[in-house]
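Let the hints inform the model, and build the full structure from the sequences given.
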Amino acid sequence: GENVEQHPSTLSVQEGDSAVIKCTYSDSASNYFPWYKQELGKRPQLIIDIRSNVGEKKDQRIAVTLNKTAKHFSLHITETQPEDSAVYFCAANPLDSSYKLIFGSGTRLLVRP
Amino acid sequence: GAGVSQSPSNKVTEKGKDVELRCDPISGHTALYWYRQRLGQGLEFLIYFQGNSAPDKSGLPSDRFSAERTGESVSTLTIQRTQQEDSAVYLCASSRQTSRSSYEQYFGPGTRLTVT
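These protein sequence lines map, in sequence, to chains R and Z.
Under the working numbering, the first sequence has 67 at position 67, and the numbering climbs by one with no breaks.
Under the working numbering, the second sequence has 1115 at position 115, and the numbering climbs by one with no breaks.
Be aware that one or more of the hints could be misleading.
Covered stretches of chain R (chain Z as the covering partner; in silico rule of three or more C-beta atoms under 8 Å from a C-beta of chain Z) [claimed, not checked]:
hint, stretch
1, 22-30
2, 55-67
Straight-line C-alpha distance at most 30 Å; calculated BS3-like pairs for lysine-lysine [unchecked claim]:
hint, chain 1, residue 1, chain 2, residue 2
3, Z, K1011, R, K37
4, Z, K1015, R, K58
5, Z, K1057, Z, K1015
Facing chain Z, from chain R, some residues (calculated, C-beta under 10 Å) [unchecked claim]:
hint, residue
6, G1
7, V4
8, H7
9, P8
10, L11
11, E15
12, Y36
13, K71
14, H72
15, F89
16, A91
If you are wondering where the hints come from, they were derived from the structure by calculation, not from laboratory data.
Predicted model, so just to flag it, every value in this text is computed and none were measured.
Heads up, the beta-carbon is just placed ideally off N, CA and C, and yes, glycines get one too.
Here's what the structure looks like:
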């Protein structure tokens, strides 16, 4: 089955700097890759996603890139702000009959003011 | 509109007891998912329901875990003979799966289960 690995587990950046979180997946048939943000004590929320037919997607300060050949995808946050501090999860949807998501282990991002 | 709701928000139970966790998905969402999140860890897929199709139970960790869903509404996750390692937050999510273009999962607030 699908396996998703995420790095780093923790990331500390200065406000205004960029942050990059990377994930790799094992199932080459996976076709959908979302990123969820979970603030302390709150539920995960989708922040951006990408499908396997594109290589990059951007939404304001957030971008996701996908390399299908290497089976990895990355989240890029530019001009980080303290409110970006949270745990970020990547996920992959294996192309089977199910729409389930397999999540990475999460990255705790701390943006220092 | 109303989001995904879960009850109870917190549950403390003694080892060996059975527990039932409830999830109310967003109205009109045909797909429903259960995940487990241990403290400081990621989301572990448990089970997925899609309409009247047979559920995907591939993530259930043992036969002590089971889940049911009535049509496209409420779901209950049951854990029998609870163990301390079952302590976690159990998250439910739903999505509108009308096609492969509708993936976004909306999460509930979770039920924090503590087994003493």
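Check each numbered hint from earlier against the structure, then list the numbers of those it violates in ascending order. 1, 2, 4, 8, 9, 10, 11, 13, 14
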